[in-house]
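Here the protein sequences line up with chains A and Z, keeping their order. The C-terminal position of the first sequence is numbered 293 in my numbering, with every residue numbered one higher than the one before it. The C-terminal position of the second sequence is numbered 286 in my numbering, with every residue numbered one higher than the one before it.
Derived from the structure by calculation, the hints contain no laboratory data. In this text the structure is predicted, and so the values were computed from the model without any measurement. Among the clues, some could well be false.
What the hints assert, rightly or not - Chain A side only, calculated, beta carbon under 7 Å to chain Z, not exhaustive:
{"hint": "1", "residue": "P81"}
{"hint": "2", "residue": "A115"}
{"hint": "3", "residue": "A256"}
{"hint": "4", "residue": "S266"}
What the hints assert, rightly or not - Pulled a few chain A residues facing chain Z out of the computed Cβ check, cut under 7 Å:
{"hint": "5", "residue": "A21"}
{"hint": "6", "residue": "F30"}
{"hint": "7", "residue": "Y95"}
{"hint": "8", "residue": "Y104"}
{"hint": "9", "residue": "F106"}
{"hint": "10", "residue": "V107"}
{"hint": "11", "residue": "V118"}
{"hint": "12", "residue": "V122"}
{"hint": "13", "residue": "L132"}
{"hint": "14", "residue": "A178"}
{"hint": "15", "residue": "W228"}
{"hint": "16", "residue": "I278"}
{"hint": "17", "residue": "V280"}
{"hint": "18", "residue": "I282"}
In this text, a Cβ means the ideal position worked out from N, Cα and C, and glycines have one as well.
Okay, here's what each chain looks like letter by letter:
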Amino acid sequence: MRIKRRNIIEIVLYLLPAMLVIGFVFFFPIVRVIQYSFNRVNPRNLTFIGLTNYQILFTDDVFLSGLKNNIILLVAVPIIIFLSVFFAILLYEKMGGWKFYRFVLFLPYILAIPVVGVVFSYIFQLNGLLNFFLEKLGLKFLMADWLGSSKWALWTVMFVIIWKELGFGIVLIFARLMSVPKDLYEAAEIDGANWIQKHIHVTVPQTRNVVSFLTVITIITMLSWVFNYIYVMTLGGPGSSTMVSEYYIYQTAFRYHNMGQASAASVVLFLITFIFVIIQTRIRGREEVE
Amino acid sequence: METVKQKDYKVRKNYFAFFGRQFLLIILTLISLYPLFFMFITAIKSKEEYVFNKFSFPKSIAWDNFIEVFIGKNFGQWFINSIILTVGSVIVSLALAVLASYALARYQFKIRDTILNFIISLMVIPPVIMVVPLFVFMSKVKLINSLPGVILLYTGLTLPFSIYLLTTFFRSIPQAILDSSYIDGCSSMRTLTSIIMPLSKPPIITLIVVNALWVWNELMIALIFLQKDELKTLMIGITVFKSRYNINIPLTMMGLVVITIPMIVLYLFGQKYFVQGLVSGSLKE
Numbered sequence: 004m005r006i007k008r009r010n011i012i013e014i015v016l017y018l019l020p021a022m023l024v025i026g027f028v029f030f031f032p033i034v035r036v037i038q039y040s041f042n043r044v045n046p047r048n049l050t051f052i053g054l055t056n057y058q059i060l061f062t063d064d065v066f067l068s069g070l071k072n073n074i075i076l077l078v079a080v081p082i083i084i085f086l087s088v089f090f091a092i093l094l095y096e097k098m099g100g101w102k103f104y105r106f107v108l109f110l111p112y113i114l115a116i117p118v119v120g121v122v123f124s125y126i127f128q129l130n131g132l133l134n135f136f137l138e139k140l141g142l143k144f145l146m147a148d149w150l151g152s153s154k155w156a157l158w159t160v161m162f163v164i165i166w167k168e169l170g171f172g173i174v175l176i177f178a179r180l181m182s183v184p185k186d187l188y189e190a191a192e193i194d195g196a197n198w199i200q201k202h203i204h205v206t207v208p209q210t211r212n213v214v215s216f217l218t219v220i221t222i223i224t225m226l227s228w229v230f231n232y233i234y235v236m237t238l239g240g241p242g243s244s245t246m247v248s249e250y251y252i253y254q255t256a257f258r259y260h261n262m263g264q265a266s267a268a269s270v271v272l273f274l275i276t277f278i279f280v281i282i283q284t285r286i287r288g289r290e291e292v293e
Numbered sequence: 002m003e004t005v006k007q008k009d010y011k012v013r014k015n016y017f018a019f020f021g022r023q024f025l026l027i028i029l030t031l032i033s034l035y036p037l038f039f040m041f042i043t044a045i046k047s048k049e050e051y052v053f054n055k056f057s058f059p060k061s062i063a064w065d066n067f068i069e070v071f072i073g074k075n076f077g078q079w080f081i082n083s084i085i086l087t088v089g090s091v092i093v094s095l096a097l098a099v100l101a102s103y104a105l106a107r108y109q110f111k112i113r114d115t116i117l118n119f120i121i122s123l124m125v126i127p128p129v130i131m132v133v134p135l136f137v138f139m140s141k142v143k144l145i146n147s148l149p150g151v152i153l154l155y156t157g158l159t160l161p162f163s164i165y166l167l168t169t170f171f172r173s174i175p176q177a178i179l180d181s182s183y184i185d186g187c188s189s190m191r192t193l194t195s196i197i198m199p200l201s202k203p204p205i206i207t208l209i210v211v212n213a214l215w216v217w218n219e220l221m222i223a224l225i226f227l228q229k230d231e232l233k234t235l236m237i238g239i240t241v242f243k244s245r246y247n248i249n250i251p252l253t254m255m256g257l258v259v260i261t262i263p264m265i266v267l268y269l270f271g272q273k274y275f276v277q278g279l280v281s282g283s284l285k286e
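Model the full assembly from the supplied sequences, consistent with the hints where possible.
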């Protein structure tokens, strides 16, 4: 279809409202946050201070431990991927009741993080359910202050994140498995492949794209979508043992009212996320080619 | 003899494999459900009972918790705020997404795939990056502590996914159907409302469900942009609850039950749409 002038006007009219809102919520702030990061931000005016915000940022132990904790949280990525693939295969092979299991396993994913966070706080607090249970079983030596000690807090939060996000991975990979041609598995069985060989030679190549997609999404989640868990369960503490970069931005901007430095931290987080966004776009492109 | 043995072995192996699988899935099911179960049974305990009985069912059911949640300051108001934000954002976002997706799906123009890919890549940008400039700007124009202001933000944040989902669907509608409508002399707007929209019920329901879930569960934007107590949402409310009733854990749990039930009910009836919607962002049909 050739584009007529009338069509161009129509295209613009249809796109404009959405683009204005997207422009306001995404583009305007991203440009602004970069500008702010080189300035001291006061309610009325900006003062250009070059790289000072970044210099302070990278000598701030709290920010650095935030970044470190984001990186430690990446430990959850291989765990989520492995468990998702494993349970998706179990679900796929044991066809009976998969609808029930899918319903139940997906349930944590639709619950609100604040709800999940509060419930788990009561399970993991010092006089909470888990320790109550351990004491009753006579396993007192296993008791710990799961959220209140800097040794355990981050790992406890990580457990909760895995608990919540796993359902998404399982359902995603299960959905992909359902569309793998059955005869591929039958052929492998006729060739005498055992369970492990079958999955290495059929499942792995067939699910490669969706697994890499899930990997990138989970990495992005661990680096930049964990604010809610931290806000509800630990507020970054004890000390800064569960500080993450998002919570650092929130705290710097809205507790200490240092908008310039919060902006510098935002830019750092944006750049980190952006790398993975590009990788993800590539994977999507590859999937569309196939 | 040899073959019989082998067969016997194989049957037994399958038997083990079957129960092994069942066993692992049941364990995972229990782990997935237990925190919810814990939430429900704790919500109907008295706070005295919770101290010594955390694990099992309550000996006497404390229905009072349910009433007390609503007497507890502003809970009803928070509930209403959450509903206003959810309904408002879902409707506005859907309207804008339908129009934009129509342009991206039904017209051929050079940069349409560039625009679409650009919008898709916004799906994973964490909102925390935009929050500082938005806050500065919105305080200047007095949109802090304003429900319409937050609806605007939620609309923007849900648009990328909405446009992605609808554009993909619109593009799958056969061109012939649309051509016949143009030949009949329908305007493009008429084609959208009387032909495309009725065909697009499934993705529209999916969007409503997924976006409603997202807005209902959102915490950070509400926390920063709605600071007055009477404007808070349920998600902020429960964090207030948690610190206010730190000694009365069953009461907090009852609050959680009340705010979770609408979403669980929605999930029960629209499971298909939830799963499709949340997974389709990442999987080609």
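For each hint, the structure was consulted:
no.: 1; hint: P81; in the structure: violated, 18 Å
no.: 2; hint: A115; in the structure: holds, 4 Å
no.: 3; hint: A256; in the structure: holds, 5 Å
no.: 4; hint: S266; in the structure: holds, 5 Å
no.: 5; hint: A21; in the structure: holds, 4 Å
no.: 6; hint: F30; in the structure: violated, 9 Å
no.: 7; hint: Y95; in the structure: violated, 10 Å
no.: 8; hint: Y104; in the structure: holds, 6 Å
no.: 9; hint: F106; in the structure: holds, 6 Å
no.: 10; hint: V107; in the structure: holds, 5 Å
no.: 11; hint: V118; in the structure: holds, 5 Å
no.: 12; hint: V122; in the structure: holds, 5 Å
no.: 13; hint: L132; in the structure: holds, 5 Å
no.: 14; hint: A178; in the structure: holds, 6 Å
no.: 15; hint: W228; in the structure: holds, 6 Å
no.: 16; hint: I278; in the structure: violated, 12 Å
no.: 17; hint: V280; in the structure: holds, 5 Å
no.: 18; hint: I282; in the structure: violated, 11 Å
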